[in-house]
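S.K.: Going by this note's numbering, the sequence shown opens with residue 14, and the numbers climb by one from there.
Bear in mind the hints are in silico, worked out from the structure with no lab data behind them.
Cβ coordinates follow ideal geometry from the N, Cα and C atoms, glycine included.
Fair warning: there could be bad hints in the mix.
Stated by the list, open to error - Distance windows between CB atoms, simulated:
{"id": "1", "residue 1": "Leu-179", "residue 2": "Glu-103", "range": "15 to 21 Å"}
{"id": "2", "residue 1": "Leu-215", "residue 2": "Ile-189", "range": "27 to 33 Å"}
{"id": "3", "residue 1": "Ser-118", "residue 2": "Ser-174", "range": "53 to 59 Å"}
{"id": "4", "residue 1": "Asp-176", "residue 2": "Glu-115", "range": "53 to 59 Å"}
{"id": "5", "residue 1": "Ser-205", "residue 2": "Lys-88", "range": "37 to 43 Å"}
{"id": "6", "residue 1": "Asp-49", "residue 2": "Ala-144", "range": "41 to 47 Å"}
{"id": "7", "residue 1": "Phe-81", "residue 2": "Leu-51", "range": "20 to 26 Å"}
{"id": "8", "residue 1": "Gln-56", "residue 2": "Thr-166", "range": "39 to 45 Å"}
{"id": "9", "residue 1": "Ile-209", "residue 2": "Val-105", "range": "51 to 57 Å"}
To be verified - No more than 27 Å apart at the CA atoms, straight line, and that leaves these computed lysine-lysine pairs for DSS-like:
{"id": "10", "residue 1": "Lys-164", "residue 2": "Lys-140"}
{"id": "11", "residue 1": "Lys-180", "residue 2": "Lys-169"}
{"id": "12", "residue 1": "Lys-129", "residue 2": "Lys-140"}
{"id": "13", "residue 1": "Lys-95", "residue 2": "Lys-129"}
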Amino acid sequence: MFLTKKSNHLWQIFWLSILNGLKNRGVEDILIACVDGLTGFLQAIEAVFPQTEIQQCIIHQIRNTTKFVSYKEIKPFMADLKRVYAAPTEEVALAELDSFDEKWSGKYPKIAKSWKDNWANLSTYFKYPEAVRRLIYTMNTIEGFNRQLRKVTKSKTVFPSDDSLLKMLYLAMIDITKKWTGHRQDWGQIHSQLEIFFEERLERL
Numbered sequence: 014m015f016l017t018k019k020s021n022h023l024w025q026i027f028w029l030s031i032l033n034g035l036k037n038r039g040v041e042d043i044l045i046a047c048v049d050g051l052t053g054f055l056q057a058i059e060a061v062f063p064q065t066e067i068q069q070c071i072i073h074q075i076r077n078t079t080k081f082v083s084y085k086e087i088k089p090f091m092a093d094l095k096r097v098y099a100a101p102t103e104e105v106a107l108a109e110l111d112s113f114d115e116k117w118s119g120k121y122p123k124i125a126k127s128w129k130d131n132w133a134n135l136s137t138y139f140k141y142p143e144a145v146r147r148l149i150y151t152m153n154t155i156e157g158f159n160r161q162l163r164k165v166t167k168s169k170t171v172f173p174s175d176d177s178l179l180k181m182l183y184l185a186m187i188d189i190t191k192k193w194t195g196h197r198q199d200w201g202q203i204h205s206q207l208e209i210f211f212e213e214r215l216e217r218l
């Protein structure tokens, strides 16, 4: 137990240093943060940017809670689970979660419990319209970016110095971001919605 607490504390210190670094470089506020289960990260966000709304990554939650589901049952299982996270409102989602729990808790008692225990952070996106939900419900875009960087470093396992590694990652990042040419057709609507939800905070920036 002592080691667990110590490890958690060390991770909190690490994430505090990262977030304080961002703040010192000019980041005044974070409106919404989509996160996975990184140890100490939530506590660090609350300490440095206490007004930030937390959305726990739905895709991570699905992966973590379905990895032990039988292959034969995964299709109907996922259909029922989708009724929860794709519900039109939080009220409907909670009702669907109760139905899901009643149907599947006999075989998989920990899954619905995990969703209920984490509901405060899993349900943040329900307050927003569909366009905003699609932006904040998952970290897959960031994971895709990191996956492309890992491809570069896998091809060369030894680097003569830290600077050579940083240069390679920098060049890879430039190459990856060149492909980010798409433009969201609904960005005007998204921006208008965020201006209403965060009016006072955006006026201060």
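S.K.: Mind checking the alpha carbons of Lys-129 and Lys-140 for me, to see if they're no more than 27 Å apart?
M.R.: Status holds; Cα separation ~18 Å.
S.K.: With a cut-off of 27 Å on the C-alpha distance, tell me whether Lys-95 and Lys-129 pass.
M.R.: It holds: about 15 Å lies between the C-alpha atoms, which stays within 27 Å.
S.K.: Within a Cα-Cα threshold of 27 Å, do Lys-164 and Lys-140 meet the stated pairing?
M.R.: violated, 37 Å
S.K.: Regarding Ser-205 and Lys-88, is the given constraint of 37 to 43 Å on their beta-carbon distance met?
M.R.: Because 39 Å falls inside the window, the suggested range holds.
S.K.: Can the suggested window of 15 to 21 Å be confirmed for the beta-carbon pair Leu-179 and Glu-103?
M.R.: violated, 44 Å
S.K.: Given the hinted pair Lys-180 and Lys-169, is their alpha-carbon gap at most 27 Å?
M.R.: Within the cut-off at roughly 13 Å; holds.
S.K.: Taking the CB of Ile-209 and the CB of Val-105, does the distance hold inside 51 to 57 Å?
M.R.: violated, 23 Å
S.K.: Quick one: are Leu-215 and Ile-189 within 27 to 33 Å, going by C-beta?
M.R.: For Leu-215 and Ile-189 the Cβ distance comes to about 29 Å; the hint holds.
S.K.: Is 39 to 45 Å a correct range for the gap between the Cβ atoms of Gln-56 and Thr-166?
M.R.: violated, 30 Å
S.K.: Tell me if the beta carbons of Asp-49 and Ala-144 are separated by a distance inside 41 to 47 Å.
M.R.: At 23 Å between Cβs, range violated.
S.K.: Lying within 53 to 59 Å: is that true of the beta-carbon distance Asp-176 to Glu-115?
M.R.: Roughly 58 Å apart at Cβ, these two residues keep to the hinted range, so it holds.
S.K.: Do the beta carbons of Phe-81 and Leu-51 sit within 20 to 26 Å of each other?
M.R.: holds, 22 Å
Hint check: violations occur at hints 1, 6, 8, 9, 10; the rest are consistent with the structure.
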